[in-house]
Amino acid sequence: MLILRKAEDRGHTDLGWLDSYHTFSFGGYHDPKHMGFRALRVLNDDRVAAGKGFGAHGHRDMEILSYVLEGGLAHKDSMGEQHVLGPNEVQAMSAGSGVIHSEFNASATSPTHFLQIWIVPAVEDLKPTYQQFAYASAEKRGALRLIAGPDKTSSPPAAVIHQDARMYAAVLGPGDSVDYSIRPGRHAWVQCATGAIDVNGLALKQGDGLAVSDESALRLRGSNGRDAELLLFDLA
Amino acid sequence: MSDVNVLIVFYSRYGTAERIALAAGVGAIQARANIRLRRVADHADAKTIDATPAWRENLDRMNRDYVAPRPADPQWADVIVMATPLESHAEIESFCSSLRAIAPMTGKIAAPLALGDEESALGPIYAAAACAGMVVVPAKMDSGDPIAAAREYGQRITEMARSLKQRSISR
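Chains as they are written, first to last, in the numbering used here: chain B, 1 to 236; chain R, 1 to 171.
Hints were generated in silico from the structure; no laboratory data involved.
Label pairs and their computed distance ranges (CB to CB):
no. : chain 1 : residue 1 : chain 2 : residue 2 : range
1   : R       : 106       : B       : 30        : 27 to 37 angstroms
2   : R       : 50        : B       : 175       : 51 to 61 angstroms
3   : R       : 71        : B       : 29        : 16 to 26 angstroms
For every residue, glycine included, the Cβ atom is placed at its ideal position computed from N, Cα and C.
Pulled out of the complex, with its shape left as it was, chain R reads as follows:
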């Protein structure tokens, strides 16, 4: 059994953020983490979703593949990846803001992840994670291959969590 637990929470409508979340998950496994994958629910109502067939189709598929995060998940995690589209990040922002009320988050790694280099859009997520006492590790997603970058990020945050845990044990 691995010593590092990585919770990958994502919000995705059409599968793009899901793909980078999965890549981060594979990277975490490559770095020998235990992982859990969770999708946060849409804020939009069913009527709004149904109006866009591709959204509905992807949502039905993802609801089969993933469950929503449960309170035990952030408690279990050493690292929480939060993957989101830049243009619709309210769902992940709400999830991140809720963490403090679920469990003590101090010292856990928060890993916000989005496709693109508009990091300012992730500002509210960085702030909410930092307020919860988490160590925020920004991703570098401005390289050519976002899947490879997300995979490398999954490895990096796992190794960082391992290093932090070992340091805390040796004290």
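The shape of chain B in the complex, shown without the other chains:
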């Protein structure tokens, strides 16, 4: 079963400095029909104006992943971590028992575009942790590159999250395709981050999401005249 979540049906917040689309309920956008999918609780598509960002605020018991599509994101938190995140990097923060952080566009002149993803952890009250690492863009070209998952020894390395969930990224050129097997009883969410793709014959444009249940395989194809970037979540 494939259920399409169209980009234009998402929640929307426009604060001038922030232009954010919410695949699931978030902040002032609340729709009981869209509270998340399995452990995937938040998927925000954020564009932040130059020099602007989210001031200091707190989180608890959430696996927070940031995936930059364009520009840079400056992160600072109460654990003492202070970093700038760019494309082809992964940032994963386990809020655990409690953390305060801020996130700003690292550039004073250019906007930044990133996806923020929240995954509900399987365990509460964990010690807060921060992970960030870079990978080569070639690793996700025409292939699903594991970005985050529960395994501490994955190769190539990925961010470790405290949930039976895996997040992959791929960049597909026109005509590129990748296949993904879904184990029985598991679910998937496909998010078309940029460009346009085709999933098992269903067209997804930028910002569209697709809930997948009771399927055993996915064929993901780049379907437009330019590269498309997607995220795939494999969920219990």
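Given chain B's structure and the hints, the job is docking chain R onto it.
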């Protein structure tokens, strides 16, 4: 959604009071509170601040990370943490004195917080909070690790607010 709202208001020039405010905030989150962090504005004018580069540098950074308290914040809060340096507490004192005019404060917890054990310097803040009908809960900051003490304080005041709310509901 948590049942306790904790507003953390601080005044800081060089980041020390900011750090203990953040630690109290983390403690409140650990005790499952919703939090808001706010920095009160300096009384000093721009020329005075510019004369001390470290003050200016920290102020520019903090102005990016925090907004000033808004009238809706104390209305929302069950607990108001007020963190300040002991040597320059006029800003927090003014904030505390303004609360009564913003919203009914009776029964809310006031949590003055400063680095050090010179509690007499916080006397005017205790008095202003008490006059507004707030329950004043002094911090114990004379232990070795001020960050740990502030975190523990954040937990304690959140649990206290929860207990007061539950008692008021059960009546």
